[in-house]
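Engineer: Here is how the chains run, residue by residue.
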Amino acid sequence: DTGVSQDPRHKITKRGQNVTFRCDPISEHNRLYWYRQTLGQGPEFLTYFQNEAQLEKSRLLSDRFSAERPKGSFSTLEIQRTEQGDSAMYLCASSLNGPAGNTIYFGEGSWLTVV
Amino acid sequence: GQNIDQPTEMTATEGAIVQINCTYQTSGFNGLFWYQQHAGEAPTFLSYNVLDGLEEKGRFSSFLSRSKGYSYLLLKELQMKDSASYLCAVRDFNDYKLSFGAGTTVTVRA
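So the protein sequences, as listed, match chains A and B.
The first sequence: position 30 = 30 (my numbering), numbered continuously.
The second sequence: position 38 = 1038 (my numbering), numbered continuously.
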């Protein structure tokens, strides 16, 4: 399978705990994105990387959220001191800068439930 | 930023045609995408329009009018498996991320 993969797929955590999600993009893709989606809404942009550089962060990304892509391949999204409002599906996506329109392909998502 | 509007829900009969409209406002348009999302799953890419006109791909077609800030996704010969949420997304000029509408939930009935 050469698609975007995310781990874990599901995470239940207690309020106040830290969680980390991992994303492995499609291998040749240089751009990687994190989105968050709640029930009945479309995905909301959080941040994106081109290679290892984090080029944009949404104001939705509070100080408790941090994302890295240290070698320009996989990425991690960490949420510190989780709150119930953080419960959502966290989607990773990747794309390639090229003539094909820069289509963004999504992974299966990581479901977070904060109790 | 963008303001993207699409209907919340639509219902249609198996074998019929459904048209999902999407209107958007953006400071600099650089492409419109449609994604399909089944409940609990990730969005999957359906179509991309950057120039005016109709793009056809099997049972699905997508239309764009840049001057009107308008697109539609046409689903023909509906099947039960087409029951899903359909997301309209817009890319700004000189930007790489997509901004999504809230999605249109399509229910196909027998």
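Derived by calculation from the structure, the hints in this document are not laboratory data.
These numbers were taken from a predicted model, which means no experiment stands behind them.
Please note: incorrect hints may appear among the correct ones.
For each label pair, taking beta carbons as the anchor points, the in silico distance ranges come out as [claimed, not checked]:
#1 A:Ser27 - B:Ala1039: 28 to 38 Å
#2 B:Ala1039 - A:Lys14: 49 to 59 Å
#3 B:Asn1003 - A:Ala53: 41 to 51 Å
#4 B:Ala1102 - A:Lys71: 48 to 58 Å
#5 A:Lys14 - B:Glu1041: 38 to 48 Å
#6 B:Pro1007 - A:Asn51: 14 to 24 Å
#7 B:Glu1055 - A:Glu83: 27 to 37 Å
#8 A:Ser73 - B:Lys1057: 41 to 51 Å
Sample of chain B residues lacking proximity to chain A, with all beta carbon distances greater than 12 Å (derived) [to be verified]:
#9 Thr1023
#10 Asp1052
#11 Gly1053
#12 Met1080
#13 Asp1095
#14 Thr1107
Note that CB positions come from ideal geometry on N, CA and C, so glycine has one too.
Engineer: Each hint: holds or not?
Structural biologist: So, going through the hints one by one against the coordinates:
1. A:Ser27 - B:Ala1039: 28 to 38 Å: Since the Cβ atoms of Ser27 (chain A) and Ala1039 (chain B) sit about 29 Å apart, the hinted range of 28 to 38 Å holds.
2. B:Ala1039 - A:Lys14: 49 to 59 Å: Since the Cβ atoms of Ala1039 (chain B) and Lys14 (chain A) sit about 27 Å apart, the hinted range of 49 to 59 Å is violated.
3. B:Asn1003 - A:Ala53: 41 to 51 Å: Distance hint for Asn1003 (chain B), Ala53 (chain A) is violated at roughly 29 Å.
4. B:Ala1102 - A:Lys71: 48 to 58 Å: violated, 36 Å
5. A:Lys14 - B:Glu1041: 38 to 48 Å: violated, 27 Å
6. B:Pro1007 - A:Asn51: 14 to 24 Å: Violated - the Cβ-Cβ distance for Pro1007 (chain B) and Asn51 (chain A), about 39 Å, lies outside 14 to 24 Å.
7. B:Glu1055 - A:Glu83: 27 to 37 Å: Once the Cβ atoms are compared, 42 Å apart, the range 27 to 37 Å for Glu83 (chain A) and Glu1055 (chain B) is violated.
8. A:Ser73 - B:Lys1057: 41 to 51 Å: Violated, since Ser73 (chain A) and Lys1057 (chain B) (Cβ atoms, about 31 Å apart) do not stay within the stated range.
9. Thr1023: Thr1023 (chain B) is indeed farther than 12 Å from all Cβ atoms of chain A, at 14 Å.
10. Asp1052: Its Cβ never comes within 12 Å of chain A, the nearest being 15 Å, so this holds.
11. Gly1053: holds, 15 Å
12. Met1080: The assertion about Met1080 (chain B) holds, with a minimum of 22 Å to chain A.
13. Asp1095: Per Cβ check, Asp1095 (chain B) is inside 12 Å of chain A; nearest 8 Å; violated.
14. Thr1107: For Thr1107 (chain B), whose nearest Cβ neighbour in chain A is about 14 Å away, the distance exceeds 12 Å, so it holds.
The structure fails to meet hints 2, 3, 4, 5, 6, 7, 8, 13 from the earlier list, while all remaining hints are met.
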